[in-house]
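Visitor: As a plain string of letters, each chain reads:
There are 6 protein chains.
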Amino acid sequence: MVYITRKEHFNAAHKLFRPEWSDEKNQEVFGKCANPNWHGHNYVLYVTVKGEIKPETGYLIDLKKLAAIIKSRVTDKLDHRNINLDVDFMRNKMASTEVLAIEIFKQLQPAIEEAGVQLHKVKLEETHNNFVEYFGE
Amino acid sequence: MVYITRKEHFNAAHKLFRPEWSDEKNQEVFGKCANPNWHGHNYVLYVTVKGEIKPETGYLIDLKKLAAIIKSRVTDKLDHRNINLDVDFMRNKMASTEVLAIEIFKQLQPAIEEAGVQLHKVKLEETHNNFVEYFGE
Amino acid sequence: MVYITRKEHFNAAHKLFRPEWSDEKNQEVFGKCANPNWHGHNYVLYVTVKGEIKPETGYLIDLKKLAAIIKSRVTDKLDHRNINLDVDFMRNKMASTEVLAIEIFKQLQPAIEEAGVQLHKVKLEETHNNFVEYFGE
Amino acid sequence: MVYITRKEHFNAAHKLFRPEWSDEKNQEVFGKCANPNWHGHNYVLYVTVKGEIKPETGYLIDLKKLAAIIKSRVTDKLDHRNINLDVDFMRNKMASTEVLAIEIFKQLQPAIEEAGVQLHKVKLEETHNNFVEYFGE
Amino acid sequence: MVYITRKEHFNAAHKLFRPEWSDEKNQEVFGKCANPNWHGHNYVLYVTVKGEIKPETGYLIDLKKLAAIIKSRVTDKLDHRNINLDVDFMRNKMASTEVLAIEIFKQLQPAIEEAGVQLHKVKLEETHNNFVEYFGE
Amino acid sequence: MVYITRKEHFNAAHKLFRPEWSDEKNQEVFGKCANPNWHGHNYVLYVTVKGEIKPETGYLIDLKKLAAIIKSRVTDKLDHRNINLDVDFMRNKMASTEVLAIEIFKQLQPAIEEAGVQLHKVKLEETHNNFVEYFGE
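Protein chains in written order, with my numbering: chain G, 1 to 137; chain V, 1 to 137; chain W, 1 to 137; chain U, 1 to 137; chain S, 1 to 137; chain L, 1 to 137.
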């Protein structure tokens with residue numbers, strides 16, 4: 001069993017707020033992350049898959065294939081977008097790094113399993129100072 | 001003459017567009033940077049000042065003082081904000097990295113000169129793959 | 001179950017030596033790390049906690065709260081200090097990265113559990129070329 | 001149980017191809033990695049060992065000793081070499097990152113166990129955008 | 001006058017040797033860089049251009065255009081190639097970082113000037129520990 | 001004229017204080033950098049030299065030679081040392097990054113000129129958030 005990780009990037013806007021709360025309550029709970037006119041990040045996404053090496057190629061999976069899955073399922077939908085407004089799989093969800101990492105995992109898992117490997121982990125960096133990891137359970 | 005550089009961060013939303021242009025024209029010129037619902041970045045800002053060392057302290061300038069100037073004049077206004085909508089010194093300007101670097105320079109220069117050193121350069125990274133440098137002329 | 005990590009920094013002096021050993025023995029075992037007049041590092045600390053997402057906020061834990069725990073329990077005591085001489089929780093202990101990582105874990109665990117999440121891992125980088133990880137057992 | 005990781009580097013040439021395949025087939029499967037005249041990388045190697053701290057030194061293992069094992073068994077054989085042609089332990093194997101990580105693990109394990117700790121993981125970065133991890137099973 | 005820099009990557013094989021010298025002489029002068037079967041690097045290329053901002057766009061130059069010039073003139077020719085054998089503009093030249101940086105500058109300059117800006121600098125990193133800068137004179 | 005830069009590291013302890021000042025005055029001027037029991041850093045040193053390429057080798061200077069000069073003149077004296085107490089060329093000087101960068105320049109210049117190139121710049125990083133540059137005048 002070997003693990004391979006592909007690193008990708010996307011740049012997106014978001015805010016943290018609950019529409020049913022007052023501005024004061026949102027500000028109190030989410031601080032500057034609740035700024036009404038949005039803010040944004042250069043997100044860094046690490047997708048780790050695991051499985052057996054194919055003897056013929058020495059590959060676990062062709063990284064071009066893994067990159068194409070991540071692009072079509074995740075980064076094309078998020079890059080240069082507003083996470084709260086523009087992304088189908090984030091509709092009506094909190095745009096926190098935790099929730100986003102879990103939803104990215106769900107987007108990727110079926111296509112990655114179809115490609116013959118297991119999705120082990122999604123790691124998502126929001127800034128240089130924090131990141132979230134999700135293993136699917 | 002010695003140069004010292006302080007590195008700071010801010011996370012902001014923006015878009016590139018001209019209101020007098022059609023959506024198609026904005027899309028054609030600015031591509032995905034024109035997404036109507038904004039996108040964002042983790043900007044990295046390097047402020048370089050120059051001057052003579054003070055013999056008593058071995059300092060060019062107390063970095064806490066330089067950091068306080070950058071915070072009050074620049075990063076407090078930009079961090080977790082929308083560059084197009086929320087930032088006084090960017091009103092009615094294109095929110096490109098080039099323009100933002102120049103305007104940050106103008107914001108910093110008077111306070112830095114008052115502190116007894118010269119502002120040499122503002123360097124602004126928008127992503128890991130590009131950055132702008134401005135020397136004030 | 002999701003994992004979130006916060007990265008912090010502290011700059012400290014230390015040396016590796018046993019007072020009951022001769023200078024020669026300390027030099028032989030610890031090499032240049034035994035320099036009598038100390039040396040120092042820019043330590044990088046990664047604190048990983050785990051738990052369930054709170055549906056209301058989309059947060060595992062408010063990172064400002066986690067940062068405040070790390071600051072009051074760990075980095076305020078270590079930053080710009082001498083690990084061997086100035087730090088209460090390192091008294092009479094070897095100031096190695098391994099021991100320091102374990103003691104930081106012990107400092108953090110009660111306050112982090114009180115905040116409603118579990119402390120999963122402390123990772124401590126001493127230089128760009130080595131780091132220690134401790135999971136609490 | 002504590003984990004310590006040592007980071008090392010080597011710069012090597014390689015290509016991905018099967019000699020029994022036509023150039024077209026190699027090109028189709030391995031793309032530009034099959035370039036007949038080779039290409040190369042700055043590989044980054046992370047070796048993680050685990051065990052108990054020795055109370056006398058506060059060390060899991062003397063990092064100079066771990067570094068010497070990695071140098072003699074692995075990086076001296078790979079650095080400024082051609083992985084396909086010059087490296088005894090890669091003879092007749094696919095020079096993929098996955099296979100190389102597993103073979104490095106096998107090279108290191110006996111010497112590291114002899115030194116009194118367990119080899120936990122080999123992590124091998126080929127580029128900034130991908131890395132392989134192998135845990136020995 | 002403002003400066004903008006684009007960062008690109010290529011992974012290539014090379015060696016340093018003079019065909020008219022003996023193996024011993026090459027080994028003596030170039031050390032392990034003369035390994036007959038090649039070695040390789042993940043090169044990082046920074047291209048800095050300068051000029052005036054266009055008021056309509058806030059751009060010095062559209063970075064997609066700059067990236068396309070770098071790709072067609074430089075990185076498509078170097079990436080996953082052998083610098084000594086496969087690259088037209090390096091034929092019969094020493095494959096040192098210094099010479100490569102100068103030749104990349106020459107490849108880029110006409111197309112960048114045609115695009116309406118000046119080529120200010122080529123910076124080329126061979127490893128994390130060394131890089132070359134060339135300003136065109 | 002081409003520029004080549006070599007990156008080196010050293011880990012050292014220091015403090016900022018004037019012995020003729022009271023503890024209170026030192027604390028007021030230098031803040032936590034005046035901690036009596038020292039603190040320390042992983043310094044990163046970039047040495048840039050300039051000159052003409054030697055046609056025979058494609059080198060500006062053999063980097064092994066440049067590295068040897070930096071090691072014997074600078075890093076061997078600073079690494080795992082106390083800058084205030086252990087370093088001959090820092091005796092009776094303020095151990096600030098600014099002063100240290102200038103003194104390193106003076107240590108290097110004669111040997112580098114003797115090696116046939118010019119010393120262009122010393123850049124010294126104290127932390128990830130600040131660095132000093134000195135060009136010799």
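Because the hints were derived from the structure by calculation, they are not lab data. Check before you lean on any hint, since a few could be wrong.
You can't tell identical chains apart in this list, so a pair holds if it fits in one copy or across any two.
[As the list claims (entries may be wrong)] Listed below are the simulated DSS-like cross-link pairs for lysine-lysine, each with C-alpha atoms no more than 27 Å apart in a straight line: (1) Lys32 <-> Lys77; (2) Lys25 <-> Lys106; (3) Lys121 <-> Lys25; (4) Lys25 <-> Lys123; (5) Lys71 <-> Lys32; (6) Lys54 <-> Lys93; (7) Lys106 <-> Lys54.
Quick caveat: nothing in here was measured; it's all calculated off a predicted structure.
Visitor: Run every hint past the structure and note whether it holds.
Guide: Here's how the hints hold up against the structure:
In this assembly of identical chains, lysine 32 and lysine 77 lie within 27 Å of each other by CA distance both inside one copy and across copies; the values are 25 Å within and 12 Å between. Proximity of lysine 25 to lysine 106 under the C-alpha cut-off of 27 Å is found in neither arrangement, the shortest distances being 31 Å within a copy and 35 Å between copies. In this homomeric assembly, lysine 121 and lysine 25 never come within 27 Å of each other (Cα to Cα): the closest approach is 34 Å inside a single copy and 32 Å across copies. Taking the shortest alpha-carbon separations for lysine 25 and lysine 123, neither the intra-copy value of 30 Å nor the inter-copy value of 35 Å comes in at or below 27 Å.
Only between protomers do lysine 71 and lysine 32 lie at most 27 Å apart by alpha-carbon distance; the minimum there is 15 Å, versus 30 Å within a single protomer. Taking the shortest alpha-carbon separations for lysine 54 and lysine 93, only the inter-copy value of 12 Å comes in at or below 27 Å, while the best intra-copy value is 39 Å. In this assembly of identical chains, lysine 106 and lysine 54 lie within 27 Å of each other by CA distance both inside one copy and across copies; the values are 26 Å within and 19 Å between.
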